[in-house]
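**Q** Here's the letter readout for the chains.
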Amino acid sequence: MKRSLRWALILAVLGGLLTTLAFVGAFTYARVQTFSTTVNVPNAVARKAVKAGFPAGDAATQMAAPPGTVAVHKPWFSQKIFFFHVPIAVASLVVMTIAAIFSLLFLIKRKKSYDTRAKVAMEATLVFIIGTMISGDLWTRASWGVWWEWEPRLTTYAILTLLVIAYFVLRNSVEDEERRATYGAVFALFAWVDVPITFMITRMMPSQHPALTGLETSNLIPFMIGMAGMSMLGFAIYELRFNEEHLRERLAALKEDLEG
Amino acid sequence: MPYEDRVLKRTSGLGGSGDGSTDPPSLGRPVTPARPKISSWRQFKAILRKDIVMELRTKEMITSMGLYALLVLIIYYVALSQAGSNFDVSRISAGLLLLAIVFTSMLGLNRSLVHEQDQGQLDALLLSPIDRPILFFGKAVTNLIFLLIVQVIITPLFYFIFMGNADTAAMGPLWMVALALLLGSIGIASVGTLLATMSVNTKGKDFVLAVIFIPLMFPLLLAVVTALNAVVLGNPDMTSVFWRFTGIAFGYDVITTVIAFALYEFILGV
Amino acid sequence: MLDATNKLLYGLVLRDAPFVIAAYAVLWLALAGYVTVTLRRLIKLDKEVKLLEDAVKARTKAE
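Protein chains in written order, with this note's numbering: chain Z, 1 to 260; chain Y, 1 to 270; chain B, 1 to 63.
None of these hints come from the bench; they were simulated from the model. Any given hint could turn out to be false.
[Stated by the list, open to error] Subject to a maximum C-alpha distance of 20 Å in a straight line, what follows is the list of computed EDC-like cross-link-like pairs (lysine to aspartate or glutamate):
1) B/Lys44 / Z/Glu245
2) Z/Lys112 / Z/Glu245
3) B/Lys50 / Z/Glu244
4) Y/Lys203 / Z/Glu244
5) B/Lys57 / Z/Glu259
6) Y/Lys50 / Y/Asp118
7) Z/Lys74 / B/Glu63
8) Y/Lys203 / Z/Glu149
9) Z/Lys111 / Z/Glu151
10) Z/Lys255 / B/Glu63
11) Y/Lys203 / Y/Asp118
12) B/Lys44 / Z/Glu249
13) B/Lys44 / Z/Glu244
14) Y/Lys205 / Z/Glu177
15) B/Lys50 / Z/Glu177
16) Z/Lys111 / Y/Glu265
17) Z/Lys255 / B/Glu48
18) B/Lys61 / Z/Glu177
19) B/Lys47 / Z/Glu249
20) B/Lys57 / Z/Asp176
21) Y/Lys205 / Z/Glu175
22) B/Lys61 / Z/Glu256
23) Y/Lys203 / Z/Glu259
24) Y/Lys45 / Y/Glu116
25) Y/Lys203 / Z/Glu177
26) B/Lys47 / Z/Asp257
27) Y/Lys45 / Y/Asp167
28) Z/Lys112 / Z/Glu177
29) B/Lys47 / Z/Glu244
30) Z/Lys109 / Y/Glu265
31) Z/Lys255 / B/Asp46
[What the hints assert, rightly or not] Sample of chain Z residues with no beta-carbon within 10 Å of chain Y, all distances over it, derived:
32) Arg3
33) Ser173
34) Pro206
Ideal Cβ placement from N, Cα and C applies to all residues, glycine included.
With the hints as constraints, model all of the structure from the sequences given.
**A** So, in structure tokens, the structure goes:
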């Protein structure tokens, strides 16, 4: 077995383990985050709840609560998606950047392997983007009550999705090998411009989408584990696919050899 | 077995350089023999003249784009026919107008490059002593001119068909509309020229153009519609919204034109 | 080591649970499926390449 393939397998297993660890940590170790909205709970549970870390609501909400109950801040259960959603989203942007770098290298050096690498990285990007979209959509439904919102972050990311799909449509529509590689590289570089925009947009203009700031330690640790796991998984997918493409080319060359 | 890394050799636009001797194998830019230098401005004018003379003879681009735009307007009429008399079209007019322009421009861009392809004009241009950067600007500016001509026709037409009864007292000055449309057209022409040059060489042609063109155009279209809408509705904060979004459109135009210009060389002659 | 807050949480808001569970399940299945499919294709290709390599070797020896 090739060495890079063995590494890819090790990273895939390790990435799987780490993301699973992050998943477990998200539901056990990570402290529950609260909303500004309150919920009325019976006195017996409320004492425990406040002790456990749900802040009690202010005076007005206490007045409104029926007798025998206390208003406490609502736990934010859907926030738990964050431990998977953000790592996979960040990984998608990172892998797309790698694809853009290899595209640029291809245009300069015009080596076929750079094109293959760019294509494979773009494929991993597509897988991660779909993952981000699905988990993000379920989160907006749970947290905002809608499936989709035309909001800066969601809009720019949707455009990114369309661009990555367009990249493959463009590639599949070109027959000549060199032309396919060149067009793909040119389009990938153009499409990459959306990556920094997507990343920065929640920090530049008012957006409903939460930006990652000031995470408390109990949340930060599972999150970092998830990030590490997802990056490994991303690299593993990229390496596996590259090995596969390489074998395919080798196979084609051998077939030609046997026939010729 | 080490991975065999092939270097994809860049062949010239004429389908393979007959004598590989002058081409360095890795970069393979066709070496232009020494010729008397023609000024860039004259080269640019020559390309422009070629396209305009051809258009004056065939009148193909303007008629096809104009007719297509007219048909889009007719479909708008069908779509809005049951909206009722108290429906205020001006609220969505900016979007409707831009939609017609986007569809028309995609048709036009495709046509303009298919021309070059069909008659082997692009190959001839690559053979001619014209600098490749000039080629990009030449094509982009011709496309821009045709786009602007069509807009000059359909924008008043749109106004008379759909906004004849609308309350336009608050509407901003006409030059604001023109500026927003001009900025939109510049972006469409520059990015569109690059993308259409690629898409005419694919199997899918116009479909591929739509798929790669619309997502890249999205920020520009959004900015132009917001600016136009502010002018048409004439809200109190019209000027500030207008300038903010024309600013975004202008920034988009500058950035994308630079990128398209830088990347255009790579897609020529592959 | 399920802490008290988490326990309370599960009692309080099971409304969001289907979405959270679906998000994790879909992602996990998608990633696991993609890796598995790629691996299987890879192993198959590897076998084919070995087979052909042997064939080429045998032929060059025969020549």
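**Q** Which constraints among the numbered hints does this structure fail? Numbers only, ascending.
**A** When the structure is compared with the hints, numbers 4, 7, 8, 9, 15, 18, 20, 23, 27 and 33 turn out to be violated.
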